[in-house]
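Colleague: Sequence:
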Amino acid sequence: MIALGVALGGGLGALARYHLTGWIAPRQETPYPTATLVVNVAGSFLLGLTVAAAADGEISSRMLAWTGAGFLGGFTTFSTFAYETARLIEDGAWRYALANLALAGPLSFAAAAVGYLLVR
23 MIALGVALGG GLGALARYHL TGWIAPRQET PYPTATLVVN VAGSFLLGLT VAAAADGEIS
83 SRMLAWTGAG FLGGFTTFST FAYETARLIE DGAWRYALAN LALAGPLSFA AAAVGYLLVR
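Under the working numbering, the first residue of the sequence shown carries the number 23, and numbering increases by one thereafter.
Derived by calculation from the structure, the hints in this document are not laboratory data. Just so we're clear, the structure is a prediction, and the values are computed from it rather than from any experiment. Possibly wrong hints are sitting among the right ones.
[Said to hold, decoys possible] Distance windows between CB atoms, simulated:
| # | residue 1 | residue 2 | range |
| --- | --- | --- | --- |
| 1 | E112 | M23 | 38 to 46 Å |
| 2 | L140 | M23 | 24 to 32 Å |
| 3 | A104 | E80 | 29 to 37 Å |
| 4 | A77 | P128 | 22 to 30 Å |
| 5 | A25 | S101 | 20 to 28 Å |
| 6 | G79 | T102 | 29 to 37 Å |
| 7 | P53 | L30 | 33 to 41 Å |
| 8 | G33 | V60 | 15 to 23 Å |
Ideal Cβ positions, reconstructed from N, Cα and C, are used throughout, including at glycine.
Throw the hints in and build the complete structure from the sequences for me.
Modeller: This is how it looks when you write it as C-alpha coordinates:
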(Lines of atoms letter the chains of each structure in order from A and count residues from 1; the text may use other names and numbers.)
(Lines give C-alpha, C1' and ligand atoms only; values in the text may rest on other atoms or scores of the structure.)
Protein backbone atom coordinates (compact mmCIF):
# COMPACT_ATOMS: atom_id res chain seq x y z
CA MET A 1 0.00 0.00 0.00
CA ILE A 2 2.90 2.36 0.67
CA ALA A 3 4.23 1.82 -2.86
CA LEU A 4 0.85 2.75 -4.32
CA GLY A 5 0.82 5.95 -2.26
CA VAL A 6 4.35 6.80 -3.41
CA ALA A 7 3.35 6.20 -7.04
CA LEU A 8 0.23 8.34 -6.72
CA GLY A 9 2.16 11.07 -4.92
CA GLY A 10 4.89 10.99 -7.57
CA GLY A 11 2.34 11.44 -10.32
CA LEU A 12 0.70 14.34 -8.52
CA GLY A 13 4.09 15.93 -7.85
CA ALA A 14 5.05 15.65 -11.52
CA LEU A 15 1.75 17.29 -12.52
CA ALA A 16 2.34 20.09 -10.02
CA ARG A 17 5.84 20.65 -11.44
CA TYR A 18 4.48 20.64 -14.99
CA HIS A 19 1.90 23.31 -14.19
CA LEU A 20 4.24 25.48 -12.11
CA THR A 21 7.01 25.44 -14.72
CA GLY A 22 4.41 26.06 -17.42
CA TRP A 23 3.35 29.17 -15.52
CA ILE A 24 6.88 30.46 -14.80
CA ALA A 25 8.69 29.70 -18.08
CA PRO A 26 6.72 32.05 -20.37
CA ARG A 27 7.45 34.94 -18.00
CA GLN A 28 11.23 34.55 -18.24
CA GLU A 29 13.28 36.97 -20.29
CA THR A 30 16.59 35.10 -20.07
CA PRO A 31 17.68 31.57 -20.91
CA TYR A 32 18.30 30.90 -17.20
CA PRO A 33 16.14 27.95 -16.05
CA THR A 34 14.33 29.86 -13.32
CA ALA A 35 11.36 27.49 -13.26
CA THR A 36 13.50 24.47 -12.42
CA LEU A 37 15.37 26.42 -9.75
CA VAL A 38 12.09 27.53 -8.13
CA VAL A 39 10.70 23.99 -8.22
CA ASN A 40 13.82 22.42 -6.71
CA VAL A 41 14.25 25.04 -3.99
CA ALA A 42 10.55 24.93 -3.05
CA GLY A 43 10.58 21.13 -3.06
CA SER A 44 13.68 21.05 -0.88
CA PHE A 45 12.06 23.42 1.60
CA LEU A 46 8.94 21.27 1.74
CA LEU A 47 11.05 18.14 2.17
CA GLY A 48 12.84 19.77 5.10
CA LEU A 49 9.47 20.51 6.71
CA THR A 50 8.28 16.96 6.04
CA VAL A 51 11.39 15.22 7.39
CA ALA A 52 11.35 17.33 10.55
CA ALA A 53 7.65 16.62 11.08
CA ALA A 54 8.35 12.90 10.74
CA ALA A 55 11.31 13.13 13.13
CA ASP A 56 9.05 14.81 15.69
CA GLY A 57 6.40 12.13 15.25
CA GLU A 58 3.92 14.61 13.78
CA ILE A 59 3.47 12.51 10.64
CA SER A 60 3.83 8.78 10.12
CA SER A 61 6.59 7.04 8.20
CA ARG A 62 3.93 6.14 5.63
CA MET A 63 3.05 9.81 5.14
CA LEU A 64 6.76 10.64 4.91
CA ALA A 65 7.12 8.09 2.11
CA TRP A 66 4.04 9.39 0.29
CA THR A 67 5.08 13.03 0.52
CA GLY A 68 8.88 12.76 0.48
CA ALA A 69 9.60 9.98 -2.00
CA GLY A 70 6.24 10.35 -3.73
CA PHE A 71 4.97 13.89 -4.20
CA LEU A 72 8.22 15.77 -3.64
CA GLY A 73 10.22 13.16 -5.54
CA GLY A 74 7.94 13.74 -8.51
CA PHE A 75 7.89 17.50 -7.99
CA THR A 76 11.62 18.13 -7.84
CA THR A 77 13.92 17.24 -10.69
CA PHE A 78 17.67 16.80 -10.69
CA SER A 79 17.65 15.39 -14.21
CA THR A 80 16.04 18.53 -15.65
CA PHE A 81 18.59 20.65 -13.79
CA ALA A 82 21.41 18.62 -15.36
CA TYR A 83 19.83 18.71 -18.83
CA GLU A 84 19.18 22.46 -18.75
CA THR A 85 22.70 23.17 -17.56
CA ALA A 86 24.15 21.02 -20.35
CA ARG A 87 21.95 22.82 -22.90
CA LEU A 88 23.17 26.19 -21.65
CA ILE A 89 26.76 25.01 -22.14
CA GLU A 90 25.97 23.67 -25.63
CA ASP A 91 24.36 27.00 -26.53
CA GLY A 92 27.42 28.91 -25.32
CA ALA A 93 25.53 30.49 -22.42
CA TRP A 94 28.36 29.79 -19.99
CA ARG A 95 27.43 32.56 -17.60
CA TYR A 96 23.93 31.11 -17.11
CA ALA A 97 25.28 27.56 -16.85
CA LEU A 98 27.79 28.55 -14.17
CA ALA A 99 25.12 30.53 -12.30
CA ASN A 100 22.86 27.49 -12.37
CA LEU A 101 25.63 25.26 -11.04
CA ALA A 102 26.53 27.79 -8.34
CA LEU A 103 22.97 28.48 -7.18
CA ALA A 104 20.89 25.32 -7.48
CA GLY A 105 22.69 23.09 -4.99
CA PRO A 106 23.38 25.62 -2.23
CA LEU A 107 19.92 27.19 -2.42
CA SER A 108 18.22 23.79 -2.35
CA PHE A 109 20.28 22.63 0.64
CA ALA A 110 19.66 25.92 2.45
CA ALA A 111 15.92 25.69 1.77
CA ALA A 112 15.81 22.14 3.14
CA ALA A 113 17.69 23.25 6.26
CA VAL A 114 15.36 26.21 6.82
CA GLY A 115 12.30 23.98 6.41
CA TYR A 116 13.73 21.46 8.85
CA LEU A 117 14.67 24.09 11.42
CA LEU A 118 11.27 25.77 11.25
CA VAL A 119 9.65 22.57 12.49
CA ARG A 120 12.34 21.55 14.98
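Colleague: Against this structure, judge whether each hint is valid.
Modeller: For each hint, the structure was consulted:
no.: 1; hint: E112 <-> M23: 38 to 46 Å; in the structure: holds, 44 Å
no.: 2; hint: L140 <-> M23: 24 to 32 Å; in the structure: holds, 30 Å
no.: 3; hint: A104 <-> E80: 29 to 37 Å; in the structure: holds, 34 Å
no.: 4; hint: A77 <-> P128: 22 to 30 Å; in the structure: holds, 23 Å
no.: 5; hint: A25 <-> S101: 20 to 28 Å; in the structure: holds, 21 Å
no.: 6; hint: G79 <-> T102: 29 to 37 Å; in the structure: holds, 34 Å
no.: 7; hint: P53 <-> L30: 33 to 41 Å; in the structure: holds, 34 Å
no.: 8; hint: G33 <-> V60: 15 to 23 Å; in the structure: holds, 20 Å
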